[in-house]
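Work the whole structure out from these sequences, hints included.
Sequence lines, in order, name chains H and L.
So for the first sequence, the working numbering puts the first residue at 1; every next one is plus one.
So for the second sequence, the working numbering puts the first residue at 1; every next one is plus one.
Hints are computed from structural coordinates only; laboratory data are not their basis.
It is possible that some hints are incorrect.
Note: identical chains are not told apart, hence a pair may lie in one copy or across any two.
Unchecked claim - DSS-like cross-link-like pairs, simulated, lysine-lysine; straight-line CA separation at most 27 Å:
| # | residue 1 | residue 2 |
| --- | --- | --- |
| 1 | Lys53 | Lys23 |
| 2 | Lys69 | Lys53 |
| 3 | Lys23 | Lys69 |
| 4 | Lys98 | Lys53 |
| 5 | Lys98 | Lys69 |
| 6 | Lys53 | Lys84 |
Protein chains: 2
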Amino acid sequence: MERTPAAKTAGFFCLPMNLDFEKSGGLVTAVIQDHSSGRVLMVGFMNEEAFRKTVESGFATFWSRSRQKLWLKGESSGHRLLVKEISTDCDRDAVLVKVEAQGPGVCHEGYESCFFRRLGNGEWRVAEERTYDPHAVYGGK
Amino acid sequence: MERTPAAKTAGFFCLPMNLDFEKSGGLVTAVIQDHSSGRVLMVGFMNEEAFRKTVESGFATFWSRSRQKLWLKGESSGHRLLVKEISTDCDRDAVLVKVEAQGPGVCHEGYESCFFRRLGNGEWRVAEERTYDPHAVYGGK
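Dropping the structure here:
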């Protein structure tokens with residue numbers, strides 16, 4: 001992310017106010033896309049603080065709905081998501097975050113992308129190979 | 001979408017049960033991606049019926065949260081989204097729908113993608129030209 005003094009003082013701290021966090025109970029949808037291949041890697045949610053941390057740190061940070069806490073993606077696995085570009089949509093209730101994935105995959109099940117199941121003939125089928133062993137990375141978690 | 005007799009009888013009617021519609025109040029997140037360019041075009045939401053109609057008709061159909069009704073994308077503009085491939089994520093609470101967009105853009109503001117504003121120096125800025133005149137397409141709507 002570009003960080004100029006002007007942006008730091010004027011922009012970053014009012015930015016989240018420009019997103020519509022109200023429509024979905026304080027959250028915006030965050031689509032994570034590999035900046036190089038264009039592959040959609042995962043979908044998460046960000047509250048204002050997660051969005052701010054994503055912008056300020058340069059690493060994708062989410063609000064975990066299941067754990068009800070901020071979640072720096074890669075905090076356990078080391079597979080962090082380096083932010084390359086952020087866009088928002090016409091309604092400002094979703095962000096598209098293009099990233100460079102640090103690690104072999106973003107999915108906790110061991111795949112490059114969380115979208116590893118494809119619909120065919122009326123069934124969801126795993127459409128690719130794992131890129132890492134999730135037990136080796138996450139252990140018993 | 002592939003549609004075999006087996007899929008029609010066995011698969012399509014139990015498919016939605018395999019997605020987790022409960023986590024977000026009856027909805028799954030639907031990321032729409034251009035199957036050819038890889039560009040993310042929009043994010044919407046589908047309830048069970050919208051997902052079923054998307055699969056059965058081959059055109060992306062959403063649940064409009066603002067209008068509280070099913071919404072065949074393109075019903076007003078003619079810019080429908082022909083489904084080429086559907087994937088789901090590890091949690092089965094999101095779908096990635098690769099489409100062929102029929103028309104110059106999916107955004108009601110006249111852009112190819114709803115993600116036409118990019119973050120730079122602390123501000124959201126329109127990062128591209130319109131691909132059509134929304135007033136000509138949507139009129140006073």
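As a check of your reading, is Lys98 near Lys69 (CA-CA no more than 27 Å) within one copy, between copies, both or neither? Cα proximity of Lys98 and Lys69: one copy only (23 Å, versus 31 Å across).
From the Cα coordinates, with 27 Å as the cut-off, is the pair Lys23 and Lys69 best called within, between, both, or neither? Both, since 20 Å and 16 Å are each at most 27 Å.
At most 27 Å between C-alpha atoms: does Lys53 with Lys23 qualify within a copy, between copies, both, or neither? Both. Shortest intra-copy (21 Å) and inter-copy (25 Å) distances satisfy the 27 Å Cα cut-off.
State whether the alpha carbon distance between Lys53 and Lys84 is at most 27 Å within one copy, between copies, both, or neither. For Lys53 and Lys84, only the intra-copy Cα distance (14 Å) is at most 27 Å; the inter-copy one is 36 Å.
Up to 27 Å CA-CA - Lys53 versus Lys98, copy category: Within one copy only: 16 Å inside a chain, 30 Å across chains, cut-off 27 Å.
How do Lys69 and Lys53 come out at 27 Å by Cα distance, when the copy is not named: within, between, both, or neither? For Lys69 and Lys53, the Cα distance is within 27 Å only inside one copy (13 Å; across copies 35 Å).
Comparing the model with each numbered hint stated earlier shows that all of them hold.
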